[in-house]
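Listed in order, the protein sequences are those of chains A and B.
With the working numbering, letter number 195 in the first sequence gets 568, and the count goes up by one each step, no holes.
With the working numbering, letter number 65 in the second sequence gets 438, and the count goes up by one each step, no holes.
If you're looking for bench data, these hints aren't it; they were derived computationally from the structure.
Worth double-checking, as some hints may not be accurate.
When chains are identical, the list treats them as one kind, so a pair holds in a single copy or across two.
Unchecked claim - For lysine-lysine, the following DSS-like pairs were computed, each having C-alpha atoms within a straight-line distance of at most 27 Å: (1) Lys500 <-> Lys568; (2) Lys500 <-> Lys406; (3) Lys485 <-> Lys500; (4) Lys684 <-> Lys548; (5) Lys485 <-> Lys640; (6) Lys684 <-> Lys406.
Protein chains: 2
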Amino acid sequence: MSGRQQPLDQGASIVSTRDRITGVLSPVVTPFKPDLSPDPERFASQCRWLLSQNVGLAVFGTNSEANSLSTEEKIELLDRLVNAGVDPSRMMPGTGCCALSDSVRLTAHAMKLGCGGVLMLPPFYYKGVPDDGLFRNFAEVIERVGDRRLRIYLYHIPPVSQVGITVALIERLLKAYPGIIAGAKDSSGDWNNTKAYLDNFAKAGFDVFPGSETFLLQGLRHGGVGCISATANVNPAAIARLFATWQSADADAQQERLNTIRGIFAKYPMIPALKGAIAHYGGEASWATVRPPLVELTATQQASLVADLDKAGFTMPGLRS
Amino acid sequence: MSGRQQPLDQGASIVSTRDRITGVLSPVVTPFKPDLSPDPERFASQCRWLLSQNVGLAVFGTNSEANSLSTEEKIELLDRLVNAGVDPSRMMPGTGCCALSDSVRLTAHAMKLGCGGVLMLPPFYYKGVPDDGLFRNFAEVIERVGDRRLRIYLYHIPPVSQVGITVALIERLLKAYPGIIAGAKDSSGDWNNTKAYLDNFAKAGFDVFPGSETFLLQGLRHGGVGCISATANVNPAAIARLFATWQSADADAQQERLNTIRGIFAKYPMIPALKGAIAHYGGEASWATVRPPLVELTATQQASLVADLDKAGFTMPGLRS
Chain A
374 MSGRQQPLDQ
384 GASIVSTRDR
394 ITGVLSPVVT
404 PFKPDLSPDP
414 ERFASQCRWL
424 LSQNVGLAVF
434 GTNSEANSLS
444 TEEKIELLDR
454 LVNAGVDPSR
464 MMPGTGCCAL
474 SDSVRLTAHA
484 MKLGCGGVLM
494 LPPFYYKGVP
504 DDGLFRNFAE
514 VIERVGDRRL
524 RIYLYHIPPV
534 SQVGITVALI
544 ERLLKAYPGI
554 IAGAKDSSGD
564 WNNTKAYLDN
574 FAKAGFDVFP
584 GSETFLLQGL
594 RHGGVGCISA
604 TANVNPAAIA
614 RLFATWQSAD
624 ADAQQERLNT
634 IRGIFAKYPM
644 IPALKGAIAH
654 YGGEASWATV
664 RPPLVELTAT
674 QQASLVADLD
684 KAGFTMPGLR
694 S
Chain B
374 MSGRQQPLDQ
384 GASIVSTRDR
394 ITGVLSPVVT
404 PFKPDLSPDP
414 ERFASQCRWL
424 LSQNVGLAVF
434 GTNSEANSLS
444 TEEKIELLDR
454 LVNAGVDPSR
464 MMPGTGCCAL
474 SDSVRLTAHA
484 MKLGCGGVLM
494 LPPFYYKGVP
504 DDGLFRNFAE
514 VIERVGDRRL
524 RIYLYHIPPV
534 SQVGITVALI
544 ERLLKAYPGI
554 IAGAKDSSGD
564 WNNTKAYLDN
574 FAKAGFDVFP
584 GSETFLLQGL
594 RHGGVGCISA
604 TANVNPAAIA
614 RLFATWQSAD
624 ADAQQERLNT
634 IRGIFAKYPM
644 IPALKGAIAH
654 YGGEASWATV
664 RPPLVELTAT
674 QQASLVADLD
684 KAGFTMPGLR
694 S
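Please construct the entire structure, taking both the sequences and the accompanying hints into account.
As structure tokens, then:
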């Protein structure tokens, strides 16, 4: 792996925090061909549709099956998106891997392409590791990438990663790398944790994105800056509308409607359900394909999901434009 | 990723199960240089020492910090070992990754080099995945590698991976790929699980390795074939001796002595403790280096570990030969 760059001059690295990604982002689901290789063309088309719905691109998130892709596959997909004209400043790719060498390589590549930020999982194989080791992981990535335009969003998703981002760790990272440590996605599903992030760090310009639109309104009312949510893959416009109009009189009613749609998806394995909906409403059956260890919805589940969604008046306008 | 090979002709693939790796194997700890890159020379030297102690090479195991290495780094290390004259037939590299594409690439490379077998983690990021998805993962690897000399040892380590290998999954895999599904390493720490593997499959030629020498004697008495254990990195000769003489009168006394040494290491974070002991008894301080998210033992822990080991009469003969 490449060695460390010169240490960043922190004194000069304090930057405006307002050149930042905010709003609603989708951990974009990754389309696969029948041989299970990623399909860059359908991927770019999906990203364009999401941008047209005012939703940003947290490609390579949990819901993207990012951890079922190799680093090479992610680099290739990112290159293909940018070459297809998708705006990198709207992208916040997931670049946190188990191996420091992979995290450095992928983060440096995202920076080279001009991505607006990166969403970074902690290394997630070894469990019960100390905050010291996690601090060192993020610090090594920052020092080795060596680019003060880097904006890192820490990714807290203990139900899946089993390794979390504590308030104490954020405090230490913010102190060491102000400006570069830009915020967090909180997918704990625990509002108390989101509130602790907000209460401790929002005023210092640390941007908190709840990991579900279920907490969008509550988050915005407490200083959050949007959300990064699985179901922004399928219900982008309505979620983006609440973000844009959260101070309007109908905000609570909007939130309730979002929760209803989210609740339907939550009855099924999430990633196969998102892909099943895109396959159905976009009329492209091949979208249903997932990589192992995931499995597609059964025909019964798929029929039931679509029946539930139709009954709720759900549509995906412009999906197959 | 490369496409599937022609489906393997299972009718012709039943092979003798006795051309197999058995005995004691070490998940070889990986030495790092000061810049945290792997050190192939010290790695080869460590592997040679382990072989001289009658211990085989489960390189890229959990204790090898394998999941803190990229696929490229593992391929390069494996090439360097073989080029340095280390016998690949004594190697059982860990090749199970989160991404199917990585698992296929690494497994195919191990086969190309002539490795005696591979130890395969299930994809471990996504939790609560169905056995169907895990079956499909292993099946895709087998079909894409397309080499009937492949010997897969399934790696069950739920305390770390959180995704396990059930008896039902083994049964299904054995039926689909007899001969290729060669056995398992059980690091559950739960004797009842090891016994279930043994009782169900040992007679069919499925080779079970407990994941700790604590269960070596008990395993051998119930049809096991050895063990793959962290502490085989530091106490190889004594563990190998029990394997070789397990039917002798002093077997229980040997087991007790092994447990005492194991117990000392188990008081500390295991990987840093293994490396700390090698650094001390081999007189090479640089061996202590770990990659994030792990952290080295503190000076106090290191002194305490060495004091405990010295008191127990522990040595590592021939380590720095």
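Intra- versus inter-subunit Cα pairing at 27 Å for Lys485 with Lys640: Neither: 40 Å inside a copy, 45 Å across copies.
Copy assignment of Lys684 with Lys548, given that the CA separation must stay at most 27 Å: neither (50 Å within a copy, 44 Å between copies)
Copy assignment of Lys500 with Lys406, given that the CA separation must stay at most 27 Å: Between copies only: 24 Å across, 34 Å inside.
27 Å Cα threshold - placement of Lys406 relative to Lys684: For Lys684 and Lys406, neither the intra-copy (31 Å) nor the inter-copy (61 Å) Cα distance is at most 27 Å.
Copy assignment of Lys485 with Lys500, given that the CA separation must stay at most 27 Å: The answer is neither: 32 Å in one copy and 33 Å across copies each exceed 27 Å.
Lys500 and Lys568: within-copy, between-copy, both or neither at 27 Å Cα: both (25 Å within a copy, 26 Å between copies)
Comparing the model with each numbered hint stated earlier shows that hints 3, 4, 5 and 6 do not hold.
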